[in-house]
Amino acid sequence: MKLSRRSFLGWSGAVATALAAGCQRLRTVADVGEATYEAEVPPQGLEGWVASVCQQCTGGCGILVRTITGIEDGKKRAVKIEGNPYHPISRGTLCPKGVAGLQALYDPDRIKGPLKRSGPRGSGQWVSIGWDEALAMTADRLRDLRARGDAHTLVAIAGQVRGLMPALLQRFLGAYGSPNYVSTASGCETSRQLMRFTQGLDEPIAYDLERASYVLAFGAGLLEAGWSPVRQVRAFAHLRQGTPGRRARVVHVDPRLSVSAAKADEWVPIRPGTDGALALGIAHVIVSEGLYDKAFVDERTFGFEDWRDAAGPARLGFKSLVLAEYRPEAMAAITGVPIATIVRVAREFAAARPALALGGSGASLHSNGLYNRLAIQALNALVGSVEAPGGTTAQRRPPVAPMPPVRRDAVAGRGLAMPRLDGAGTDRAALAASAVHVLSEGLRTGKPYPPGALLLYYANPAYSSPGFARAPELFEQIPFIVSFSPFMDETTRHADLVLPDHTYLERWQDDPVEAVWGSPVLGLRQPAVEPRHQTRHTGDVIIQLARALGGAVAEAFPWKDFPDLLRAAFQGVAEARRGLIMTTPFEEARQRRQAEAGFWIPSYKTFDEFWSQIAERGGWWDPADLPRDPTEAFRTPSGKYEFFCLGLGLGLEHPARRAPARRGADPGTIPEAALTALGVAARGDKVFLPHYEPPRFTGDPKEFPLHLITYKPMALMGSRTANQPWLAEIPAGGPAGAWEAWVEINPETAHRLGLHDRDSVWVESPAGKVRLRARLTAGVHPDVAAVPYGGGHEAGGRWAEAWGANPNRVVADESDRAAGAPALMATRVRITKV
Amino acid sequence: MRRGAVMLAGALFLLFGWAATAVAGEQPIAFNHKAHVSKGLDCAICHRYVREQAFASLPTLQTCLMCHAAKISQNPEEGKIREFAAKNEPLRWVRLYRLAPNAAAYFSHRRHVTLGKIECATCHGPMAERTTPPLKALVSFSMDFCLDCHQQKQITTACVACHR
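Protein sequences appear in the order of chains D and X.
Last residue of the first sequence: 834 in the numbering used here, with the numbers rising by one and none dropped.
Last residue of the second sequence: 164 in the numbering used here, with the numbers rising by one and none dropped.
Certain hints may be false.
[Said to hold, decoys possible] Calculated cross-link-like contacts (lysine to aspartate or glutamate; reagent style DMTMM-like; alpha-carbon spacing at most 20 Å): (1) Lys80/X / Glu329/D; (2) Lys39/X / Glu329/D; (3) Lys71/X / Glu325/D; (4) Lys34/X / Glu329/D.
Treat the hints as calculated values from the structure; they're not laboratory data.
Could you put the whole structure together from the sequences, leaning on the hints where they help?
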């Protein structure tokens, strides 16, 4: 066949078009080199290391950033991130997110300076403005709002942040006069309440994993994402192989065979939402066979036996309840876990001391989350693993100097008396401090009042909160939106003004770790390089805004800038005369010995010495702060660990009253109407005790036969890491590959539905639908469809937008109304071929 | 003389043969092994100490009550469990599997099950298939029975290993 020129051109045209289309994705992948320091080829220069703290997730790992300072231009460039060997959490190691942090710094799609919207909202039309203009605009709007008597309509949505920054933002709202500081970290509400009601503490729960002999994990991503991935992985390694001759046993309860379950000794598949039932079945065996720690239960717990309150009537104890209602046979029917497994695991758990039961998001993110966690924690109390080595404890906070009290003016006083927009403390979210999932409802109805302005800090609710992800047009209800995000994410797209923050590698900050093993750890985050763009530390911006507003608001912010505040806070630590600046394990051991003997020998004489040592080594912590004295550890009304949570009644009946009950208070009974409004099925004394609340799911089981559960692979953290291609390249350790999102289905279920591996499917719930690739795996319960979370961005950068689907689009609005947490695992779905 | 021999044989049989043919009375509950095994319950759930101790143990009333505290089947025998519980009477099972007491032989379940990895049915017979309690042991334990396996698997056959 002769190839004419025309046909040749025609063919090559067609081929080129096809190649171009097919190569779109390939080209995106090939662009990866741009997002790393390779774009800035470091010249000859001097190497340096800067100690700092990663912020790619909540882990709080200490890092060392390797920098090269060019000899000719004197400019410092960050070229590599490694773990800081002095930092007790990372000890020189790091997870993939930590190493990929350079891609946040060098992200080519970062916002490079303040932006003002120049077209309609969401159109992506922006004009660059200077900081003075941006600050003046913001201050003017906020001043107007206040002058009109609408100070309470200012809303701040902040994400998973801790330490001085959220404190500063809350202080700003307090001085300004708004009660509406809304945290998107609502998944952690349940853990907080667990500690509040069983131990009377306001501190998060922490697990002494390293010393446990038996770990029973319910729905916890021990080796994936979690509250501190690197620390968890190291703890797991230690409890398996760290001590010669000792190897702890790990049993993982989860509807899917996660990496954690695969590396455990045993995977117990369970129906979603029934973790509490399993825990109670195990408790039944432990109690009925007398395997519990009688000394601990008698001396350190309240509410195990039936008791009489001051008024006289008999009240139910945990023992009677568990023996009467939670037989293994009945629990096997509810959970799908065989009777033999329940009995065997119970006996193993009680025999191995110390044993540790822990609950993760798989147990918490259901409509019965609070009671699931109470049941799981009851197991620890039964075997004496509360405030004991190898058990649970409370995470202590470092002794930073407190900020001076705020003097509130009349405007602030009036504003703070107004109800919250997110329903926290009402019967939509009775016990919660924040409820972002209810906020979207409030915006829809305009009740109790319409919002006036929104500040966004470290949060992207249009991606991470289902109510907003499904209906981002809700942001149109808010007349003025300011985002501090350095990235043009889904929510920032709807802003009127962007005042971009530095990335974590460019700023000063404190990092008090939230939940490790109890000892307080305070890392110092410091700039590894000069800011690359015209960004500004949000701490500085808040101080400047407060100054611009004048009056009592300005008075509440006496610091020059954020680093000034930071030094003042660290002064408290220097003066506390305890702990040590992070150092080698040998020095730590020596300091621990000294502390045990009652000595404390400082390594510094002045605060400046302290500060320069901290800056060199990365932070401070107190390894000698071990499990506490019971009088400090249990501050409940009874002074003990409470099976029967005396304070719970007060919280549920009068949600707005959050103070814990006085010592020895009569818990009374909770009116039926209150319980119905909260969606609590139990009545009578059961409400105060760990019990099984049947989980609620959205979706008719006949139309939506499968449960949707979502999980976070270690490499993906939602929005912070969205535009980092190194992370999207990492498969989740499961059935699928990189750069794509999938849904895991059991092969039997798939066969019934006529689906094959790698089919394109619709995953549809009553709330919406999303398109994914089906991956068949026996490692998922037949009634469950599992979808990873982290892809499917519609904004945020060229790599963020290149792949995946966001399962939050189909997650419905079910919640645990008592705890005030969203029930992200409570949606039913159906799967059909595309 | 012959009658004496017969009487002696009879006496000897009664004395020594007794062990091999244990006679059991009725068990307090007509326990159905097959029904329970088919629900996924393995032997160690009720014979609790089989992996940890010498004596495997027979189930206590507490063990049965873990599931049967309320009525969960149509079998009238089940009600007896709750009657015993109400009267606070322990379950007195009739033990079928014994070694001859005068043999002075020491047997450890832990060694055989956990270390030796022997299945229960190997020595106790197909108990899992039974729907009613057998009247006598399904397998008779003679010293040959033990030694056959010991020799095959090259485990000690020294006298003092078992006859302590």
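query: Taking 20 Å as the top limit, are the C-alpha atoms of Lys39/X and Glu329/D close enough?
result: Roughly 10 Å between the alpha carbons, so the hint for Lys39/X and Glu329/D holds.
message: Holds or violated: Lys71/X and Glu325/D, Cα atoms, limit 20 Å.
response: Within the cut-off at roughly 13 Å; holds.
task: Take the C-alpha atoms of Lys34/X and Glu329/D, compute the straight-line distance between them, and say whether it is at most 20 Å.
output: Distance of about 17 Å is within 20 Å: holds.
message: With the threshold set at 20 Å, check whether the alpha-carbon distance from Lys80/X to Glu329/D stays at or below it.
response: 18 Å, holds
Comparing the model with each numbered hint stated earlier shows that all of them hold.
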